[in-house]
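Just so you know, the sequences run in chain order A and B.
When we follow my numbering, the leftmost residue of the first sequence carries the number 1, and every step to the right adds one.
When we follow my numbering, the leftmost residue of the second sequence carries the number 1001, and every step to the right adds one.
Hints may be right or wrong, so weigh each one.
Partner residues are not named here, just some residues of chain A that face chain B (Cβ under 8 Å, in silico) [what the hints assert, rightly or not]:
(1) Leu52
(2) Met88
(3) Arg121
(4) Glu122
(5) Pro124
(6) Pro131
(7) Gly137
(8) Thr140
(9) Arg238
(10) Val241
(11) Ile264
The hints are simulated quantities; they were obtained by calculation from the structure and are not laboratory data.
All figures in this text were calculated on a predicted structure; none of them were measured in a lab.
Think of the CB as a built atom: it goes at the ideal place given N, C-alpha and C, for glycine as much as any other residue.
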Amino acid sequence: MSGVLTPEVLIVGGGPAGLTAAARLAGRVRGEVLVLDRERQAGGIPRHSDHLGYGMRDLRTFISGPAYARRLVRAAESSGAAIRTQAMVTGWDADGNAQVTSPQGRFGIRAKAIVLATGARERPRTARLIPGDRPGGVYTTGQLQNLVHLHHGLPGHRAVVVGGELVSWSAVLTLREAGTQTVLLTTTYPSPESYAAFNLGGRLALRVPVATRTRVVRIMGRPRVEAVEIEDLGSGDRRVVECDTVVFTGDWIPDHELARQAGIELDDATRGPLTDTALRTSRPGVFAAGNLLHPVDTADVAALDGRHVADQVIAWLAGNRPDAPAVRLRAQEPFRWVAPGLLRPGDPAPSRRRLLLWPEALVRVPRVTVTQGGRVIGMRRLPWPASPGRVFRVPWSLLAAADPAGGDVTIGLYRGRAGNAG
Amino acid sequence: MNTGPQPVADVAIIGAGVVGSAIARELAGFELSVTLLEARADVGDGTSKANTAILHTGFDAKPGTLESRLVRRGYRLLSDYAHQAGIPVEHTGALLVAWDVDELAALPALKAKAEANGYDHCEIVDAAEVYRQIPDLGTGALGGLTVPDESIICTWTTSLALATDARLRGADLLLGHKVRAVSREGGITTVRCDAGDVAARWVINAAGLGCDTVDRLFGYDRFHVTPRRGELLVFDKLARPLVNRIVLPVPTARGKGVLVSPTIYGNIMLGPTAEDLDDRTATGTSEAGFDFLLSKGRKLMPRLLGEEVTASYAGLRAAIDAGDYLIEADTGQQYLLVGGIRSTGLTSAMAVGEYVRDLLADAGLRLAPCAVIPPAPRMPNIGEAFPRPYQDPAKIGSDPEYGRVVCFCERVTAGEIRDACRSPIPPADLSGLRRRTRAMNGRCQGFYCAAEVGALFERGRPAHREASEQRKVLA
Chain A
1 MSGVLTPEVL IVGGGPAGLT AAARLAGRVR GEVLVLDRER QAGGIPRHSD HLGYGMRDLR
61 TFISGPAYAR RLVRAAESSG AAIRTQAMVT GWDADGNAQV TSPQGRFGIR AKAIVLATGA
121 RERPRTARLI PGDRPGGVYT TGQLQNLVHL HHGLPGHRAV VVGGELVSWS AVLTLREAGT
181 QTVLLTTTYP SPESYAAFNL GGRLALRVPV ATRTRVVRIM GRPRVEAVEI EDLGSGDRRV
241 VECDTVVFTG DWIPDHELAR QAGIELDDAT RGPLTDTALR TSRPGVFAAG NLLHPVDTAD
301 VAALDGRHVA DQVIAWLAGN RPDAPAVRLR AQEPFRWVAP GLLRPGDPAP SRRRLLLWPE
361 ALVRVPRVTV TQGGRVIGMR RLPWPASPGR VFRVPWSLLA AADPAGGDVT IGLYRGRAGN
421 AG
Chain B
1001 MNTGPQPVAD VAIIGAGVVG SAIARELAGF ELSVTLLEAR ADVGDGTSKA NTAILHTGFD
1061 AKPGTLESRL VRRGYRLLSD YAHQAGIPVE HTGALLVAWD VDELAALPAL KAKAEANGYD
1121 HCEIVDAAEV YRQIPDLGTG ALGGLTVPDE SIICTWTTSL ALATDARLRG ADLLLGHKVR
1181 AVSREGGITT VRCDAGDVAA RWVINAAGLG CDTVDRLFGY DRFHVTPRRG ELLVFDKLAR
1241 PLVNRIVLPV PTARGKGVLV SPTIYGNIML GPTAEDLDDR TATGTSEAGF DFLLSKGRKL
1301 MPRLLGEEVT ASYAGLRAAI DAGDYLIEAD TGQQYLLVGG IRSTGLTSAM AVGEYVRDLL
1361 ADAGLRLAPC AVIPPAPRMP NIGEAFPRPY QDPAKIGSDP EYGRVVCFCE RVTAGEIRDA
1421 CRSPIPPADL SGLRRRTRAM NGRCQGFYCA AEVGALFERG RPAHREASEQ RKVLA
């Protein structure tokens, strides 16, 4: 097969965001809605996260990752979307057509609208610049879960899990299922409340010792890992922990290669495409959704992005073109990023009427401030904590007073007289 | 298993790095029985694999040395051979950058040195030209020296091509043969290895980091190898537009210093460090090494540090106390040392092969060219600048496995993994597969693909294939 396919909408990536967008688009647009996924099966990362916790916000259910992935695939297919697996977009040609490699051939795709839903991945050990030997037995969660669930490979017996994000506990669950004891979980964050959602399970049911404010400074062993050296960030003390498995978890980075190849503007903080609340990128007709934009939120939130972007794609296909200039949303300490990053008059509210932010410190009772031009234009105390390792959600209504011509809008936390929020 | 008397090889070569493989290939073009021994489980798996992978003009060698001569000759030989064998080479050119007045003042002497080495294409350029050539270079460059013919090459494919060619020409390759002892009797040397002994009339020591140890087995004590660790950082392919040529520092007494260079796989490399060690197995990376490289990188090219690091490596160069290659024949013992081959050995390897051939002829070894020499093997291309299977509609049309991308970051297909497993020198492990295909060498380092690639490798391995064929026969 060669030549050029011409679907109405091309969705790159068949994870929760892409599949949900496809399910909503198919039947509501005139031509074909085509989802490409480079893996053997569509479904994205939930395919191999074989534990409960999926589908709460989008499907109002509570199922395992693989069951959730299957359900999303069925929904997209039954609505009439075409899903092609083992089909990888490798780049763009001079006309902006997607270039695709698949066992059926090399071909191009010219679509009226494109949704990038390529997701995010965990930074591996190399990107985190952890020195030492380069033995086997060092994984990311994605690699570990792939080995255990898709290929039934077995890791070792004693694992150190690096990271204090939700996914870190997912790694612990996978290790437990594979018969591997997690002898230590390290996190650079100062308090175990940081991962409150899993704290109970983590500390009681899983009995995992947690080393807070700790980083891994060296990997030791050949040909398989024998130990890691860790450092207490407070005292600088170092010690060696014996293990035969190390799992680097979290520290997500969007899979932004295709976006960058297309010349799409990125958000410096998320490293994903910069979009407005309609999830338009800087390239007309190209949208982005899911954890490519906010590394990372849960799968159901990514899926709801897909639902949101579908409506915006339909508006685009109907000829709706934004013309007003946008103002930039910026995150202030203790937040690393905010998504979406652009606010344009006349645009819809973001998905779920929430802005997503990534906190880097624990604030139990956060008072969110929105400032523009040196003036506070919104402030509200939110009843949920800002907790590192988890996305923090801010109601859209806090931006109601933003002036579309007033320059950058900054979202941060109120620092009271004590200099400490909450 | 053959338990009878082992046949005697005319020549045994110890070490299947790039140099040993080139020597084996050269000698196997004559009516000689050649055995290539390698301690490790794969060819090119020692010092050769972590080379900075530059095809050197030899512009900065010490004029008049054997190294200068062989690098110059090797550059031409390997350029031609790369073309025949499909070894990826990119003629990027290099630019030496002077960062202070002393370095700037050193440029004319470097240009004169290049000319003394027979290379007269260097030009001294001013700072404006430096920034025209490399707009993303950090501030403060005062001037530079161009070396238009410095090139980048795939070091992995080079070793593999030469060793494969040697095999096609009839040489025996014995992997997993670490030399423990030698003995000589009746004009025949027995090389003793745990995996079995090898008898040969001539023995060539191309053992790289181990060549002083092997040299002592022949009764010599003439030099000492100091492993010099070089750590490298490899940056994401998305950084590739920042650097389109090799950016070299002005050389100092401790080697060539830290460079920034495109890699043949489409990444950017920063390194190497230079750290003398005692431990010949210390190929781990270090905090100090990373800190040093990052501080250098921040000055050389600040924007580079905004990109992700894809991989880090540490390689050991076989530094010796002499200032030149040490290639000497001992006619009495019929033993030939190829020592002190530094990082330039990638470029010079084929010329070293010729030089060794001539030394052996001078020592009385009869060299009759083979009547028929098979053509050079055509190696699978793993260079980023040349077409790869995933981009080739005809190849995918003839075999859909070339359309099944399994390593997404590096776009490696199932067909290429299968081919590597069926090649004349198949990979012994996943690291060997990485060097043959690039699988898992990309930015995700296996997040997506490691399980799939591992499964394909296990299924494709010769041992597994034989077993399943036997099962078919039995069924």
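Right, here's what the structure says about each hint:
The interface hint given for Leu52 of chain A is violated, since its Cβ lies 23 Å from the closest Cβ of chain B, which is over the 8 Å cut-off. For Met88 of chain A, the interface hint holds, since its Cβ comes within 8 Å of a Cβ in chain B; the closest pair sits about 5 Å apart. At a threshold of 8 Å, the smallest CB-CB gap from Arg121 of chain A to chain B is about 5 Å, leaving the interface hint in force. For Glu122 of chain A, the interface hint holds, the least distance from its beta-carbon to any beta-carbon of chain B being 6 Å, beneath 8 Å.
Satisfaction of the interface hint for Pro124 of chain A is found here, the shortest Cβ-Cβ separation to chain B being roughly 4 Å, below the 8 Å cut-off. The interface hint given for Pro131 of chain A is met, as the beta carbon of that residue sits about 4 Å from the closest beta carbon of chain B, less than 8 Å. For the restraint placing Gly137 of chain A at the interface with chain B, the shortest Cβ-Cβ distance is roughly 12 Å, beyond the 8 Å limit, so the hint is violated. For Thr140 of chain A, the interface hint holds, the least distance from its beta-carbon to any beta-carbon of chain B being 5 Å, beneath 8 Å.
Taking 8 Å as the C-beta contact cut-off toward chain B, the hint placing Arg238 of chain A at the interface is violated, the least distance being around 11 Å. Checking Val241 of chain A against chain B: minimum C-beta separation of about 17 Å lies over 8 Å; hint violated. Taken as an interface hint, Ile264 of chain A does not check out: its beta carbon lies about 12 Å from the nearest beta carbon of chain B, beyond 8 Å.
Going through the hint list in order, the structure does not satisfy hints 1, 7, 9, 10 and 11.
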